[in-house]
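Visitor: Protein chains in written order, with my numbering: chain H, 581 to 720; chain Y, 581 to 720.
By construction, these hints were calculated from the structure, which means they are not laboratory data.
Any given hint could turn out to be false.
Residues on chain H that point at chain Y, a partial pick, calculated with CB under 10 Å [what the hints assert, rightly or not]:
(1) Pro-586
(2) Val-620
(3) Arg-624
(4) Leu-634
(5) Leu-642
(6) Arg-646
(7) Asp-660
(8) Lys-661
(9) Asn-663
(10) Asn-669
(11) His-677
(12) Trp-688
(13) Trp-693
(14) Ala-697
Small disclaimer: the values here were computed from a predicted structure and weren't measured.
Yeah, the Cβ is synthetic: ideal placement off N, Cα and C, and Gly gets one too.
2 protein chains.
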Amino acid sequence: MFALDPAFAASSHRLLELPLCEARLQDDSRYPWIVLIPKVSAARELEDLSPADLPRLMAEILAAGRAVRAMGQAVGRPIDKLNTGALGNVTPQLHVHVVGRRRDDPAWPGPVWGHSAALAYEGAALTHALGVARQALQGA
Amino acid sequence: MFALDPAFAASSHRLLELPLCEARLQDDSRYPWIVLIPKVSAARELEDLSPADLPRLMAEILAAGRAVRAMGQAVGRPIDKLNTGALGNVTPQLHVHVVGRRRDDPAWPGPVWGHSAALAYEGAALTHALGVARQALQGA
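Start from the sequences and build out the full structure, keeping to the hints where you can.
Guide: Structure, rendered in C-alpha cells:
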C-alpha cells in the first residue's frame with residue numbers, strides 16, 4: 581500500500597493526483613517548486629519503478645516544468661532555468677523536485693536543496709499559486 | 581551540430597558514447613559520479629529533447645545508476661542513495677548528474693552540487709574508476 585511520508589505534508593501542499601504521482605506545491609514562496617511523489621509502495625530509487633512507470637514519470641516531470649514556468653509568469657517573475665532533482669537523502673521515499681530558478685533568486689547559482697529555511701506562502705499568495713499550478717497540471 | 585561545452589572537459593573524463601548521451605566521469609574521487617550529456621544541439625532543458633529521446637535518457641540514467649553502484653562496490657564503499665539532478669545553472673548545456681551518496685560522504689545529507697571543491701582522482705584510482713564505470717555502462 582502506498583503511503584505518503586509525513587515529511588511531505590509538513591513542507592508542501594497537495595496540488596492534485598496525476599496518473600503516476602501525487603503532485604505537491606513546495607511551501608517556499610521564493611521559488612515556483614513542485615514535488616512529484618510516485619504512488620508506488622516502497623519506491624526509493626528511479627530503478628524501483630516499473631518499465632511502464634518510467635516514461636509516465638518523465639511526462640509528469642515535463643508537465644511540472646510547464647506548471648513551474650506558468651507560476652513564474654503569473655507573478656511577473658519568469659524563470660531562467662529549470663532544476664530537476666531526485667535526491668532523497670533526508671526523506672528516502674522516491675520523489676522528484678521540479679524547481680523554477682531565476683538569476684536573482686536567493687540560492688542562485690547553487691542548488692535550492694539545503695540552502696536556507698523556506699519562506700512559507702501567505703494566504704492569498706498560496707491560493708493563487710495553487711490555482712495556477714493546478715490549472716497548468718490539469719490533464720497531464 | 582552538437583558540441584560539448586568546454587566546462588565538461590575541465591571537470592570530468594570521457595567514459596564512452598551511449599546512444600543518446602556522452603557519459604563522463606566527474607573528476608571528484610569523493611563520490612562515484614557520472615555526468616550524462618545528451619548529444620543534441622542547443623538542448624538546455626529536458627523539454628528540448630524529442631519524444632523518442634526522453635525514454636532513452638531515462639534508460640541511460642538507470643544505467644549510470646548501476647555504474648555508480650558498481651564503482652562504490654569496487655572500492656569497498658557501497659552507496660546508500662542515488663542522487664540524480666539536472667540543474668545547469670552554471671553550465672546551461674543539458675546534462676544529468678548521477679551521483680552515488682554515502683552517509684559518511686562530505687556533503688551528506690545535502691546535495692553535492694556547490695558543496696566544496698572537487699578532489700581529483702590520482703593516477704591508478706582514475707584508471708580503475710574509468711574501467712569499472714565503462715564495464716558497467718557497456719551495452720546500455
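Visitor: Would you mind marking each hint as holding or not holding in the structure?
Guide: Verification of the supplied hints:
no., hint, in the structure
1, Pro-586, "18 Å, violated"
2, Val-620, "15 Å, violated"
3, Arg-624, "8 Å, holds"
4, Leu-634, "5 Å, holds"
5, Leu-642, "5 Å, holds"
6, Arg-646, "8 Å, holds"
7, Asp-660, "8 Å, holds"
8, Lys-661, "6 Å, holds"
9, Asn-663, "5 Å, holds"
10, Asn-669, "4 Å, holds"
11, His-677, "9 Å, holds"
12, Trp-688, "6 Å, holds"
13, Trp-693, "5 Å, holds"
14, Ala-697, "14 Å, violated"
The earlier numbered hints that this structure contradicts are 1, 2 and 14.
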